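Participant: First to last, the sequence lines map onto chains A and B.
The opening position of the first sequence corresponds to residue 1 in this note's numbering, with each subsequent residue numbered one higher.
The opening position of the second sequence corresponds to residue 1 in this note's numbering, with each subsequent residue numbered one higher.
In short, the hints are calculated from the structure, not lab data.
If you only want the chain B side, here are some residues facing chain A, beta carbon under 7 Å, derived:
hint, residue
1, R30
2, T121
3, Q122
4, Q123
5, D125
6, A126
7, I129
8, M130
9, G131
Sample of chain A residues facing chain B (criterion: CB under 8 Å; computed from the structure):
hint, residue
10, V48
11, L50
12, V74
13, R77
14, R78
15, M80
16, M82
17, S86
18, A88
19, F90
20, P102
21, D104
22, M105
Just so it is clear, the structure is predicted and the values come from calculations on it, not from any experiment.
We put the CB at the ideal spot given by N, CA and C, even for glycine.
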Amino acid sequence: MIEVKNLTKNFDDKAVLCCINATFETGRTNLIIGQSGSGKTVLMKNLVGLLEPTSGEVLYDGRDFVKMTKREKVAMRREMGMIFQSGALFDSLSVLENVEYPLDMFSSMNYRDRVKRARECLARVNLLDAEKKFPGEISGGMQKRVAIARAIVLNPKYLFCDEPNSGLDPKTSLVIDKLLSDITKEYNITTIINTHDMNSVMEIGENILFIYKGRKEWQGNKDEVMDATNQKLNDLVFASDLFKKVKEAEQEDAAANGRA
Amino acid sequence: MFIANILKNYLTTFGTYVLLMGRSFARPDRFRMFGKRYIKEMAQLGVDSIGIVLLISFFIGAVICIQMKVNIESPWMPHWTAGYTTREIMLLEFSSSIMCLILAGKVGSNIASELGTMRVTQQIDALDIMGVNSANYLILPKILGLVTIMPFLVIFSSTMGIIGAYATSYIGHLMSPDDLTAGMHHSFNEWFVYMSIIKSLFFAFIIASVSSFYGYTVEGGSVEVGEASTKSVVSSSVLILFSDVFLTQLLS
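Excised from the complex, chain A in its bound form (with noise of 0.2 Å):
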């Protein structure tokens, strides 16, 4: 679990988080939505600690990432995966070279167990014929799917995702939005995913924080989404045609049973 405690950021002068408040939950889905420019990759970058923030706390477990040594935050970041927007894949490793590159880098495994293991995760994305191909040469969702088996090889015990649906088509990401939630149940681990792609918000939001302006507006699940009376929240999710359909569907559903 982790814990978010008055988490406060100024950039010079300028706030842009501004006491932010909010639990994200061990085996569920956490996501972190709001507008472009609201403070989301900020909030995420200050949880993993590319960030320092200006004040507050971020507990892991109960230890607080932002007074831990150097050291510290070394051992802690073990204990994390990230997958980034871009997918920050090593352009010059190839697919099955970048998975196998934490266990290279920080596990005692002998050659063949780190190979069995990064082909292990590839399997899981179902990326296991792309293993001597490089990240130039397969498409943004595979690289993305890549990046999650980079994040899961060393079976981190939390998982952060800054967009990872951004620049793919709505039936990719449902694959990757599928894809993150089989593995936070699987492996059990916490897992953050900063998004503004509402078919996420309905399909995975199991714990929901909505961020308007560096501030916390709202947090919820996706059920109370649609009903929700946040206006701030309802202009950015009703800002699609498409759930404004729904929404109007479920109202007109709800009269008529109400009639009968």
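Model the placement of chain B on the given structure of chain A, informed by the hints.
Facilitator: This is chain B only, laid out in the frame that chain A set:
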């Protein structure tokens, strides 16, 4: 105020550079991985530059010899003057300083654009998240690789320059090979070879560290990567020229 701002910017840049070097010169997380990268960087930065070093050195050696013969030698000058001056120029300045200026363009832009692209595509962030000291993992093998391979490039350059000079003699028949050989042997001081190598070690460090600094600290996108690449070449070249003056004074 304007000067104070410029000074502040320079000091900030220098401070950031020193801090980055501090992070880079740390004990590698895994010596096996470090060894792999060290050998790869020696091949990529050094061995891949041998061709251009040999080509340029051959022609510059030949041209210097021709210029010396045509413009300096006269009946009042010794017959070995062209050979002697060609050797001194190649050994003292061209093979170390000018060759490093050329390598600052080739190797420096390569390093800055590679690291810059890694930065903007979040590959460096990915390393940091994994708990890898990215500066140490990426920069230290480049610096040590180039510093290791540079003396060989200097020796190859000097040798090829002298071969170029001999080519003017054998192919161009500009002077007799005996005159050239006499000039090459005249007052030879072997310290000049060591001096050239010592200077090149400093220049190799400047090229690799300054280019790595500009590449590693890029913020933005492809335009900024291009700017970093240009800045790295300009800064490395200026620093090589400045340090050449001090090193020449110190070692002579």
